[in-house]
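Modelling step: build the complete structure from the supplied sequences, incorporating the hints.
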Amino acid sequence: MTFLSFLISGLSLGSVYAIIALGYTMVYGIAKMLNFAHGDVIMVGAYVCFFATTRWDLPPTVGVLLAMVVCTVLGVLIERLAYKPLRSASSLAVIITAIGVSYFLQNAAQLLWTSNPKVFTSVVGNSLIKLFDGRLTISVIAIITITACIVIMAALTWFTGKTKMGKAMRACSEDKGAAQLMGIDVNFTISVTFAIGSALAAIAGVLLCSAYPTLMPTTGAMPGIKAFTAAVFGGIGSIPGAMIGGLLLGIIEIFGKGYISTQLSDAIVFAVLIITLLVKPAGLLGKQTTEKV
Amino acid sequence: MKIMGKASRSKVITYGFVIAAFVIVQLLKSSGNISSSLQGQLVPICAYVVMAISLNLTVGVLGELSLGHAGFMSVGAFTGVVACISLESIIPFTILRMTVSIIIGAFSAGVAGTLIGIPVLRLEGDYLAIVTLAFGEIIKNITNCLYVGVDKAGLHVNFLTDATSLNLSEGGRVIIDGPMGISGITKLSTFTMGFALIMVTLFIVLNLIDSRSGRAIMALRDNRIAAESVGIHVTKYKLMAFATSAALAGAAGTLYAMNYSTIIASKFGFNTSILILVFVVLGGLGNIRGSIIAATVLTILPEMLRQFNNYRMVIYAIVLILIMLATNDDNLKGFLSNLRNRLLPSNLRKGKKGAENG
Amino acid sequence: MDKAKKPETKMVPVPSTNLVPERDVDKLPVLEARNLGIEFGGLTALAGFNMAIGRTEIAGLIGPNGAGKTTVFNLLTKVYQPTHGTILLDGRDTNNMTTVQINKAGIARTFQNIRLFSNLSVEDNVKLGLHNNINYGMWNGILRLPAYWKGERRAHEQAMELLSIFDMQDLAGNRAGSLPYGAQRRLEIVRALATKPLLLLLDEPAAGMNPSETAELMENIVKIRDTLQIAIILIEHDMNLVMGICEGICVLNFGKIIAKGTPREIRNNPQVIEAYLGKKRED
Amino acid sequence: MKKIFCVFISFVLIIGLMSGCGGSDSASSGDGNATGKNEEPVAVAFKLGGTGPLTGGAAIYGNAAKNGAQIAVEEINAQGGIQFELKYEDDEHDAEKAVNAYNKLKDWGIQISLGSVTSTPGVATSAETFSDRIFALTPSASATAVIEGKDNVYQMCFADPNQGSASAQYIVDKKLGTKIAVIYKNDDVYSKGIYNTFASKAKELNLEIVSTTTFTEDSQTDFSVQLANAKSNGADLIFLPMYYTPASLILQQAKSIGYAPKYFGVDGMDGILTLENFDTSLAEGVMLLTPFNADSTDERTVSFVKKYKELFNETPNQFAADGYDCVYAYKEALETAGCTPDMSAAEICEKMVEIFPDITFDGLTGEGVTWAATGEVSKSPKGMVIENGAYVGMD
Amino acid sequence: MLKVNDINVFYGAIHAIKGVSFQVNKGEIVTLIGANGAGKSTVLKTISGLLRTKTGGINFLEENITSTAPHKIVERGLAHVPEGRRIFLQMTVQENLEMGAYTCPSGGVEAELEKVYAQFPRLMERRRQVAGTLSGGEQQMLAIGRSLMSHPKLLMLDEPSMGLAPILVEQIFSIIQEMNKAGTTILLVEQNAQMALSIADRAYVLETGAISISGTGKELSESDEIRKAYLGG
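Protein chains in written order, with our numbering: chain A, 1 to 293; chain B, 294 to 651; chain C, 652 to 934; chain D, 935 to 1329; chain E, 1330 to 1562.
Just so you know, the hints here were simulated from the structure itself, not pulled from any lab data. Any given hint could be a false lead.
[As the list claims (entries may be wrong)] Taking beta-carbon pairs under 8 Å as the criterion, some of the chain E residues facing chain A (in silico):
#1 V1403
#2 P1411
#3 F1417
#4 Q1419
#5 G1429
[What the hints assert, rightly or not] Reference listing, derived: stretches of chain C covered by chain B, where coverage requires no fewer than 3 residues with Cβ under 8 Å from a Cβ of chain B:
#6 696 to 702
#7 743 to 757
#8 777 to 783
#9 790 to 803
#10 838 to 849
[What the hints assert, rightly or not] With a Cα cut of at most 20 Å, we get these calculated SDA-like pairs of lysine to any residue:
#11 D:K1189 / A:R135
#12 D:K1135 / B:T457
#13 A:K280 / B:L421
#14 A:K280 / B:L414
#15 A:K84 / E:L1380
#16 A:K176 / E:G1413
#17 A:K162 / E:A1440
#18 D:K1165 / A:K32
#19 E:K1347 / C:P831
#20 D:K1243 / A:K280
#21 E:K1401 / A:K280
#22 A:K287 / E:V1459
#23 A:K280 / B:Y420
#24 A:K32 / B:L421
#25 A:K162 / E:T1432
#26 C:K755 / B:T528
#27 D:K1137 / B:L615
#28 A:K84 / B:L615
#29 A:K287 / E:R1415
#30 A:K162 / E:L1442
#31 E:K1347 / C:E864
#32 D:K1243 / A:N116
#33 A:K130 / D:A1194
#34 A:K164 / E:L1380
#35 A:K164 / E:A1440
#36 A:K287 / C:E690
#37 C:K847 / B:Q600
#38 B:K529 / C:P831
#39 A:K164 / E:T1432
#40 E:K1347 / C:N861
Predicted model only: the values in this text are computed from it and were never measured. Here a beta-carbon is modelled for each residue, glycine too, at the ideal position from N, C-alpha and C.
Spelled out as structure tokens, the structure:
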């Protein structure tokens, strides 16, 4: 029974990582950049939803939608102002800029909303489901989180596989030059990718804070890094990879804590990542590209 | 002969620059014209300068991105301090003890770098970056579970338990107390020592770059496939650069740790690694003198911005973004160089260009 | 099975064609490729490639774009490990060797798209070619021990001598990436020569050069062969160059050899003309 | 030659920066004395300085202590008599930054110090105040290493070991639980410090600890494993030596797995009721040892809480109360010792070292507070239990 | 239809294209031939907006497109089949074709697909296959098919015969001729000089970044100079 409850916690935590990782992976796939500020967009999303639902008493759905709108605008703005001018710059310059954006968001959030933690009201309630005579308890949030992850993953797969815009994204991530020759506006496509990734970040923020309801300006930082690890773990650039990477990371983290040591859980997570990369240098589902000679 | 001359002249300038800075600060100090605030920062500045130079060896010279450099600093800090405390009775002479401790710190960080480098350096680009990040976090996590004590019987090391299970005999001392790190360190680091360490670091790094091994390292950065085609062993030279860089970071770690009465593992996390990476990138990849200046200025800058209080970090972030945009955006770059052409007399401009290699 | 067989050290000089120039016929071929082939994910990029190169031969490898010429070079230098066949270098089986080992064993190459160490100086590029010929270690370098000074002085002298082949001594201090295109190509050759090879592989050495530069290059290639007594294989589209200096030519198309022979034979081979110029339509 | 010229330029720049730095110091010190040496004879107020995390993840604690101290200073200055000039510098909960901040305060001319708010920076700055002979009374840096071996560093809060052993004692005395689970933060000096003494005291008292689990800064979101471990080992009380932010998550997650043990917290738990939007029913029945109770009805507390709410729009927590008390303790000590603002920091320090072990102080966080010469405070922790969203004394 | 006027293109410091001017009239097949590295592909890339010229201008259908964004140029009816095909290897054949019709309203895509499939039955057979698994010839067909999806007024082909078996080259060239007869103007870059000249109305020879010879296809194919330039004396 402990095993099952660990598994469910792992899946629930992993689902949150997966949704964040999807944002990382989509942006990496098309812009080939590590968007370190992604975790902080999550935090902004959670704050917007928090204010909408508790201060302005809007219904939860409206709160989530508002968070998505704000994050989308924020994501596109960040891309336009900070990343677009660096499209041809070295990846290192882009990373530093992304870190600068991350610092900016965290500190601006602190100025705006203070560093006092706020308790997030779950948008889906806190009810529990009891199974096996109460020996196994599952929270509705966990179920919703896992479901949301699967739905988002399915929706993204449909979007990239079936829609014109989605296909254009794939085309851009494969070959920007050729995509331009097809008449695809690469800059616009990248903006759309950032918009989607940021909207996902808003959802991730809401779900993260519903399951773990403390909200601070630094809330997004660590889940961001973990999710980034998850994206690399699954093969950065691959949508199913991000999903699998996120889920596995969540499960490994929980099982590592539960069966090995709570003190070493972080080390275990990162060690598994390293070993995986040594065996599969491009992550679980990543495609390895070799330089043409 | 021409090129030798060029390289060595640039080196002399770098050394001279550091020495001059040292002398001036010493003069200011002795005449009492230096604020406590700046004086308190002298040793950390030295440590960060060494860190920046050493990371520049990995990022700028070898061309591999490392996001976990603070991990090596941590290894050096903890082993160095443990060494220094354990050797207290054996080597009473503090400068010698510090030197030995720094060497021990550097050595163990170098060993850590080698152990990590062997499997990891096969990876490339962003994957290598994430693995170094992961190693940095692992080092942090492990140090948080490490207990070390010393008594007459020697060092006691314990993992995952607590300080009491070290079973120290009477008069023994707990040195590393898990997450509480080391406290009660006697401050031994001085600015002079920091200066000496910078000079040694410069000597090692500049001479390494300008030698057969250094050329091979830079060849790997410029074109790995071509380097292999002329018979350069990739792993060997990558490892050489990485381990040297780790060892220097370890030395910086010891110097840094011995300047504070307490040191904890969490200090050497992702944020510190990033801080140092920012020094290197803003100072210019492969530009040693740039690293020195960037590390110094960017360590002092946040202190100078103190009067802006809560806005300080927001300003810092914006400045960082603007600098990256200014130095990398083609339009802006063109605009700036136009501006410079108009504003500065030409002889000055040429001088500036020439100094970029250091 | 293959691994059980010891590399055959004593080779009877049996060139698979009569391409090897007369002066080299009674010597062991410097390189022999037997039934070489490679597949990439099911796609056959090269198959049944046989070739023998004489000690001091200049051979040409030609064929249309995408025919597999560069793949041959990549196999010979072990950038890719061949799926089939053996490569004998100086009679030694090169099975399981790495690119670095191959270079030390005596093959040096240039690249189709120039691969210089573009941020380093011209002299340093050549010194990197000399890397395995100057032997002092890291500590000698850091501590500036006598071995360093001796090694560097020798390296400098040798580098200058090598640069003098193309009369490039004056450029020694320049950044390699700042050189004009033609000079970059020449520098790549010098760097390859610095590794003291038995066999030099040149991948489109004249690409991007103007006719007079090309003519000069032709002379120099022959000069290199004559003075250093090494073998050279070159891939080239400039037929003047290929026909002008190669003693044997091998024509590839679709990963297979379609013709071998002397320049004269090749020039009049209808298959080659077709592969190269394409059939005239409605003829 | 041109290169040298350029280097010269950058060099001038650096020197400019350095002197600029020094310059801005003296500018910001304004009416004070730039180097910390007392040259001006007429100074009207004691320069009281402290460092604390005013930004970053731990900013709530730093700001609370600063705000509390500020209220005290305003009150005291309004009364006439002894005057204070208060300056807080940000240390971002980092030892290096704390030393920088402290040095900045030295440039400003600090005479008496409020140390640092949190423990890790506290250890670093207390070593500096010790060697500089500046007296320090820290509101809340509770690690033993802060005062260890330093005659001029005092604490306003309980030392960690005291909290740990007092908690164990309290649990045994009041028979609150028989099977104890502990969850602590493994990369935090405060949390680990309390745990250590709690564990050894529990052993001494034969209190059975059935589950010990940890978390870190990087993994403080999910506690399902820690709670499952406690639950499956049949723990009926969970000891939570940590700050209230992670504790609130633990309460919430325990509920979501249908686990309802008793909870026992330490002073860091104080503040949980002030968390914005916190469902206080979750904290119902949570016990904690805290010296301060914002819901207390005594006059001073009521007035302090009222002022704090007016000024900062928040309910003060224990850090604020500690900051407030520190200033009043200083007032009392300075008055008793007859110190004047024109005395040098070292002179004040010697007087304080002399007088502090002898004074008895009544503050928000305790009546009849005294100090040992080691710097350790002695005040009786109040056992509190949360009932209907408010603290109720357990005694 | 297309007018290229004295363009100069640089790669960093390398002067790749030196004052090239030419024009393509409606309904023509014009070919640009020359050795490897002569700058043929660079010219095409500059026309389609992937590279920028330092001086000079490019007019297409009487409009200046010198600094128009590449995707806008495609919308105006100028398609470019890049060198090395550049198909999207991880997408299916059909998806590749759909990308070709990116600028068209989605209603007409089906009809266009039908047309292309009719022209290249092989692609029809393999339409669900991932493009990376196609053979070289099929990939080239796909690349051409893809460019036809947008119904271009002018089609620029960069070395369509590269790496193809003679029989396939033959096929590709007849397709090019058919397309031309159907009304598409064609600018063809080729190394396979003989083949290109045989179908071209007019031709330009590019040597180290500059045009050295120009004339009708017939004139040039009979010229000895071309033979010399390619196979040597």
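Okay, the hints, checked on the actual structure:
1. At about 3 Å, the closest approach between the beta carbon of V1403 of chain E and any beta carbon in chain A falls short of 8 Å, and the interface hint on this residue holds.
2. Against a cut-off of 8 Å between C-beta atoms, the interface hint on P1411 of chain E holds, since the closest Cβ of chain A lies about 6 Å away.
3. Among the interface hints, the one on F1417 of chain E holds; its C-beta lies about 5 Å from the nearest C-beta in chain A, closer than the 8 Å criterion.
4. Look at Q1419 of chain E: its Cβ gets to within about 6 Å of chain A, closer than 8 Å, so that hint holds up.
5. Evaluation of the G1429 of chain E hint against chain A yields a held restraint, the C-beta minimum of about 6 Å falling below 8 Å.
6. A stretch counts as covered by a chain when three or more of its residues have a beta carbon under 8 Å from one of that chain; for the segment 696 to 702 of chain C and chain B the count is 0, and the coverage is violated.
7. Against chain B, the segment 743 to 757 of chain C contributes 5 residues with a C-beta closer than 8 Å to a partner C-beta. That satisfies the three-residue criterion, and the hint holds.
8. Interface restraint, the segment 777 to 783 of chain C with chain B: holds (5 residues with C-beta to C-beta distance below 8 Å; minimum three).
9. Counting residues of the segment 790 to 803 of chain C whose beta carbon lies closer than 8 Å to any beta carbon of chain B gives 8, which reaches the threshold of three, so the coverage claim holds.
10. Taking a C-beta to C-beta cut-off of 8 Å, the segment 838 to 849 of chain C contributes 4 residues in contact with chain B, enough for the three needed, and the coverage statement holds.
11. With a CA separation close to 14 Å, the supplied pair K1189 of chain D and R135 of chain A stays within the 20 Å bound.
12. With a CA separation close to 13 Å, the supplied pair K1135 of chain D and T457 of chain B stays within the 20 Å bound.
13. For the proposed pair K280 of chain A and L421 of chain B, the alpha carbon gap of about 13 Å is at most 20 Å, so the pair holds.
14. Distance hint between K280 of chain A and L414 of chain B is fulfilled; the C-alpha atoms sit about 14 Å from each other, no more than 20 Å.
15. Between K84 of chain A and L1380 of chain E the alpha-carbon distance is near 18 Å, which keeps this suggested pair within the 20 Å criterion.
16. Among the hinted pairs, K176 of chain A with G1413 of chain E is consistent with the structure: their alpha-carbon atoms are about 14 Å apart, no more than 20 Å.
17. A C-alpha spacing of about 18 Å is found between K162 of chain A and A1440 of chain E, which places the hinted pair at or below 20 Å, so the restraint holds.
18. Under the criterion of a C-alpha separation no larger than 20 Å, the hint pairing K1165 of chain D with K32 of chain A is inconsistent with the structure, at around 46 Å.
19. Taking the CA atoms of K1347 of chain E and P831 of chain C, the gap is about 16 Å. The hint holds against a cut of 20 Å.
20. The straight-line distance between the Cα atoms of K1243 of chain D and K280 of chain A is roughly 57 Å, outside the 20 Å bound, and the hint therefore fails.
21. In summary, the hint linking K1401 of chain E to K280 of chain A is not supported, as the alpha carbons are separated by about 41 Å, beyond the 20 Å threshold.
22. Proposed proximity of K287 of chain A and V1459 of chain E is supported: the alpha carbons are some 15 Å apart, at most 20 Å.
23. Only pairs whose Cα atoms come within 20 Å are accepted, and K280 of chain A paired with Y420 of chain B is accepted, the gap being roughly 11 Å.
24. As the CA atoms of K32 of chain A and L421 of chain B are separated by approximately 15 Å, the hinted pair is consistent with the 20 Å bound.
25. Under the criterion of a C-alpha separation no larger than 20 Å, the hint pairing K162 of chain A with T1432 of chain E is consistent with the structure, at around 17 Å.
26. Between K755 of chain C and T528 of chain B the CA atoms are separated by roughly 16 Å; this keeps the pair inside 20 Å, and the hint holds.
27. For the suggested pair K1137 of chain D and L615 of chain B, the alpha carbons sit about 58 Å apart, so the restraint of at most 20 Å is broken.
28. A distance of roughly 13 Å separates the Cα atoms of K84 of chain A and L615 of chain B; the hinted pair therefore holds under the 20 Å criterion.
29. This hinted pair checks out: K287 of chain A and R1415 of chain E have alpha carbons roughly 18 Å apart, not beyond 20 Å.
30. Distance check on the hinted pair: K162 of chain A and L1442 of chain E sit about 16 Å apart at the alpha-carbon level, within 20 Å; holds.
31. The straight-line distance between the Cα atoms of K1347 of chain E and E864 of chain C is roughly 18 Å, inside the 20 Å bound, and the hint therefore holds.
32. Straight-line distance between C-alpha atoms of K1243 of chain D and N116 of chain A comes to about 15 Å, which keeps the hinted pair within the 20 Å bound.
33. About 15 Å separates the Cα atoms of K130 of chain A and A1194 of chain D, which keeps this hinted pair within 20 Å; it holds.
34. At roughly 26 Å between alpha-carbon atoms, K164 of chain A and L1380 of chain E are farther apart than 20 Å, so this suggested pair is violated.
35. Between K164 of chain A and A1440 of chain E the CA atoms are separated by roughly 17 Å; this keeps the pair inside 20 Å, and the hint holds.
36. Restraint check for K287 of chain A and E690 of chain C: satisfied, since their Cα atoms lie roughly 18 Å apart, inside the 20 Å limit.
37. For a cut-off of 20 Å, the pair hint linking K847 of chain C to Q600 of chain B is broken: about 64 Å separates their Cα positions.
38. With a CA separation close to 33 Å, the supplied pair K529 of chain B and P831 of chain C exceeds the 20 Å bound.
39. A distance of roughly 10 Å separates the Cα atoms of K164 of chain A and T1432 of chain E; the hinted pair therefore holds under the 20 Å criterion.
40. Pair hint K1347 of chain E plus N861 of chain C holds up; C-alpha atoms about 14 Å apart against a cutoff of 20 Å.
When the structure is compared with the earlier hints, violations turn up for hints 6, 18, 20, 21, 27, 34, 37 and 38 and for no others.
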